[in-house]
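Asker: Residues per chain are reported as follows:
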Amino acid sequence: GAVVSQHPSWVICKSGTSVKIECRSLDFQATTMFWYRQFPKQSLMLMATSNEGSKATYEQGVEKDKFLINHASLTLSTLTVTSAHPEDSSFYICSARGRDGFLGTQYFGPGTRLTVL
Amino acid sequence: DQQVKQNSPSLSVQEGRISILNCDYTNSMFDYFLWYKKYPAEGPTFLISISSIKDKNEDGRFTVFLNKSAKHLSLHIVPSQPGDSAVYFCAASVTGTASKLTFGTGTRLQVTL
Numbered sequence: 001g002a003v004v005s006q007h008p009s010w011v012i013c014k015s016g017t018s019v020k021i022e023c024r025s026l027d028f029q030a031t032t033m034f035w036y037r038q039f040p041k042q043s044l045m046l047m048a049t050s051n052e053g054s055k056a057t058y059e060q061g062v063e064k065d066k067f068l069i070n071h072a073s074l075t076l077s078t079l080t081v082t083s084a085h086p087e088d089s090s091f092y093i094c095s096a097r098g099r100d101g102f103l104g105t106q107y108f109g110p111g112t113r114l115t116v117l
Numbered sequence: 118d119q120q121v122k123q124n125s126p127s128l129s130v131q132e133g134r135i136s137i138l139n140c141d142y143t144n145s146m147f148d149y150f151l152w153y154k155k156y157p158a159e160g161p162t163f164l165i166s167i168s169s170i171k172d173k174n175e176d177g178r179f180t181v182f183l184n185k186s187a188k189h190l191s192l193h194i195v196p197s198q199p200g201d202s203a204v205y206f207c208a209a210s211v212t213g214t215a216s217k218l219t220f221g222t223g224t225r226l227q228v229t230l
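Sequences listed follow chains A and B, in order. Here the first sequence stands for residues 1 to 117, numbered as in the working numbering. Here the second sequence stands for residues 118 to 230, numbered as in the working numbering.
Among the hints, erroneous ones may be present.
[What the hints assert, rightly or not] For lysine to aspartate or glutamate, the following EDC-like pairs were computed, each having C-alpha atoms within a straight-line distance of at most 16 Å:
no.	chain 1	residue 1	chain 2	residue 2
1	A	K41	B	E159
2	B	K217	A	E59
3	B	K188	B	D141
If you are wondering where the hints come from, they were derived from the structure by calculation, not from laboratory data.
Take the sequences, apply the hints, and build the full model.
Answerer: Spelled out as C-alpha cells, the structure:
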C-alpha cells in the first residue's frame, strides 16, 4: 500500500518552455501532497504543500508564478515549471499523505529528473 | 539554517555488523521524526518513525532511538546487509504544521561483504 507514482521519470526541454510533472497516489486518497527538489549531493528541499481543492502553500524563496501547483483531485497533483531555465534543472520529488495515515508519514514518488538545455 | 543535521556524510560497515546513523536537530518544536532510505534517482522510502513521547521504536532490523534532551536521534540497523547500501535521510516535523518535513543532508551507507 501507499504507492505514489510520478510521470515523467525524466524530461529534457529547451529553455523557455514549460514542463508538467504529475504525481499520483495509486492506492490511497491523498489529502495533502508535497513537492520537493533535490540538487546533487544535497538534501530534499520542500517547495510547496498542496491540499486538495485549495491553493498551494509555497515555501519562502519559491516563485509561485514559476512553479504552478494544482491538486485537483485526491489522487493527483501536478507541478508545472513555467518558462524553464537551466538553473531549474533538478530532481523533483512529490510525496503524499493520506487521509488515514499517520500525520507525519509521507510516501514519496520515484522522482522526475528535469534537464533544461 | 540547517535545522536537521547529519554530520557524517558517509559510513562504511561490514555485512552482519551494526550500522549506526546519527542525526541532530536544533528546533525544539519538532515532535515527530522519520528515517528514509533513498537510492539514486529514486524517491525516498519510509523506514521507521518515532514520536517525541517515546525514546525508542523498533521494526525488525531497524531501531530508532530519540534523546530529546540532547536533540539527537539515531538509526540502528542490525544486522547490516548489502541491500542496505543507500543514502539515509532523517527528517523531522512539528505536529499540526501540515506535517511539513525538514530533512537532514543524508548519510551514505555502504555495507561491504
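Asker: For every hint, state whether the structure bears it out.
Answerer: Structure-based check of all given hints:
no.: 1; hint: K41(A) with E159(B); verdict: holds (13 Å)
no.: 2; hint: K217(B) with E59(A); verdict: holds (10 Å)
no.: 3; hint: K188(B) with D141(B); verdict: holds (6 Å)
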